[in-house]
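Full structure from sequences and hints, please.
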Amino acid sequence: MTISRRRFLEWVTAAGVGSAAASTAKAAHGDFGGYPDSYGVLYDATLCVGCRSCEAACNEVNELPSPDKPFADLSVFDKKRRTDYRSYTVVNRYDPPESKKPVYRKTQCNHCLEPACASACFVGAFKKTPEGAVEYDASVCVGCRYCIIACPFNIPTYEYDEALTPRVMKCTMCLPRVKEGKLPGCVEACPVEALTFGRRKDLIAVAHERIRKYPGRYIDHVYGQHEMGGTSWMYISGVPFTKIDLRTDLGSTPAPEMTSGALALVPMVIGLWPVLLGGIYKITERKEKIALAEKNESVAGAVAAANEAADNKAKAATERFKKDKEKAVEAAVKKTLAEAEKEKEKGKEGE
Amino acid sequence: MTDQVAPVEKKSFFTPFNIFATIVILIGIPLTILRFTKGLGGVTNLDDTNPWGIWIGFDLLTGVALAAGGYVTAAAVEVFGMKKYHAAVRPAILTGFLGYSMVVFALLYDVGRPWRLPYPFFVSQGVTSIMFEVGACVALYLTVLFLEFSPAALEWLGLKKLRSWIVKLTITLTILGVMLSTLHQSSLGAMFLIAPSKLHPLWYSPYLPVFFFVSSIAAGLSMVLFEATVTHKPFHNKMDEDHLAIYDNLAFGFGKAASLVLGGYFAIKVFGIALGNNWHYLGTGYGLWFMVEMFGFVLLPSLLFAIGTRERNAGLIRKAAFITVFGIFLNRINITLICFNWHLPWSERYFPNWMEIGISVFVVTVGLVAYKFIVTRMPIFYEHPDYKEEH
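Those protein sequences? They're chains A and B, same order as listed. Note that this note's numbering has the first sequence beginning at 917, numbered continuously upward. Note that this note's numbering has the second sequence beginning at 128, numbered continuously upward.
It should be emphasised that the hints constitute simulated quantities derived from the structure, not laboratory data. Mixed in with the good hints there might be a few duds.
Stated by the list, open to error - Listed next, the in silico SDA-like pairs over lysine to any residue satisfying Cα-Cα at most 25 angstroms (straight line):
(1) B:K325 with A:Y1010
(2) A:K1159 with B:H470
(3) A:K1198 with B:R476
(4) B:K165 with A:D984
(5) A:K995 with B:R476
(6) A:K995 with B:T297
Here it is as structure tokens:
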């Protein structure tokens, strides 16, 4: 196959564009602003009066079990509460020194643009829908509760007393109602319009507009615009957010990015470990082979040397034996001759 | 308790170990029934803010780390060619196999719908989850460990042909085991990467996966020595000359390795603090606790291993191994429980229910009974006479 210079240059350029596109995609991933035209809710802590109408409405539209104390009972504010399997949303009362009157803050799922729960779930039971809600599918849930570990806002709850079919329970942003064109239950029920439902991008504009119009009334920050990469439920407040239990140290990095690096290393280990370990094994095997060969060689050498020495010894012994034999023969002959001589002489004398 | 396990010749059932195991199992069965009739709420102190307790911190995280002896020993002998420790491979593989089996056993209690555990692979794949990777690797590695262990069982059963097939796979299985262990040992640490706002900064680090992997090597080495120590007396009559002969040499070899690994682990933990610039936390209560873990259960055993190796003091090495095993437990418990949700007031924190501890003890006891059953029957501490000449 021949490659023209032109074709080659085309390839190089394509590869360059490809990698550039990949890095753009990554940057875009970090800046994911949510589905276009997705919905959200803006909560205004300066308007909320703590009437718990939202809690009651939520309980009703989601057909949740009835609570221990009726919704009209305001003594629940004496203790800090959190969401649980019977309540997708709760309102807490705070008495920060910055405010003369009590401040209320509603808690529910913030419907992150890039949800930690969805990233953490190993069966993909959570899904960010184009409408803005983070939807949970109990039909695949194993009940490992990693979503609860992962959620930076401590939102998902679990049916701990359900023996065989426990579900994770959390706010749905009333997705079925939204799809029907209705407002979420809590928003509809709020008598003071502390909750505003709308397109997320419009809500951000509304929030900033309120802050601009009434600078003395608000802290200049829209909580949820950037927190954890942005959320669909956002907050504005007259007191610092930490005073109403909204953590300001979460940063703006979306949760999935925290684990993507570790996950990216998985294919590297799968690809390289067999090479590395196989290589070490082969080196070890070869070393052993060489060591064995060397051992055999030196053994053979030693055997040969020993054989030679033995041969020499045997030869010397044979030689000596031969000499000894010759000497003995000689001596015997001499002796016999001498004796014969003597006999002769004796005979002569006797004559 | 295990050192009082009666040798097989004594026929009486009422040995201290058997009595203990019977009591634990008799308590475990009603607790199991309670768990599956009343739900997690009936037996645990878990709640919405603290969804993971000792079944994750001890049974899963500590269990997997301490079962690392299988891959560490197999790699040392089969891949790195340290053939003189050959007699240590089978006990280590067996502990690994039973360890992982216990992990899965405990998970059946912890997850809400255990029969759905295959879902992530066959029904709905959540591939963005670190837990997906953990699950996939643990499932595959359990299979690998089963195959690595099977020759002992097949020798016992006398299935020579099948055994010889599996023995041929030894090196492939070993490399696969090391790869899978690298992945899931590190991923158990990576699971916490998603919660920087909940785990104390002294324990949270982008290096968490590396910390978990490196400490699992130290855990594996120490656990092999720990196991050799506790089985030495009760199963003495089961051990052949090879096995008894390496008892001290194994301590010197693995002790030296553990000393180096713990030294390296200490260093990268310090780098972790430097990377996050978290020095100022060392002056707090959690900082003190962190230093107890680092100096008492990482640096101290590292030094004891080194001294023991240099002075040929196997007893000291065995003590260091015990300290390391406890240190691994402490580290995993710190990350899952003690230093998790650290910013919350004590009233919102978790402390295990006695029934949770009961189930954990039950799971471990079932593992010990299985261990005893196997080593008194199968060629684990000795070589089967039919296969002696093979290596």
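Each hint tested on the structure:
no.: 1; hint: B:K325 with A:Y1010; in the structure: 23 angstroms, holds
no.: 2; hint: A:K1159 with B:H470; in the structure: 15 angstroms, holds
no.: 3; hint: A:K1198 with B:R476; in the structure: 52 angstroms, violated
no.: 4; hint: B:K165 with A:D984; in the structure: 20 angstroms, holds
no.: 5; hint: A:K995 with B:R476; in the structure: 16 angstroms, holds
no.: 6; hint: A:K995 with B:T297; in the structure: 61 angstroms, violated
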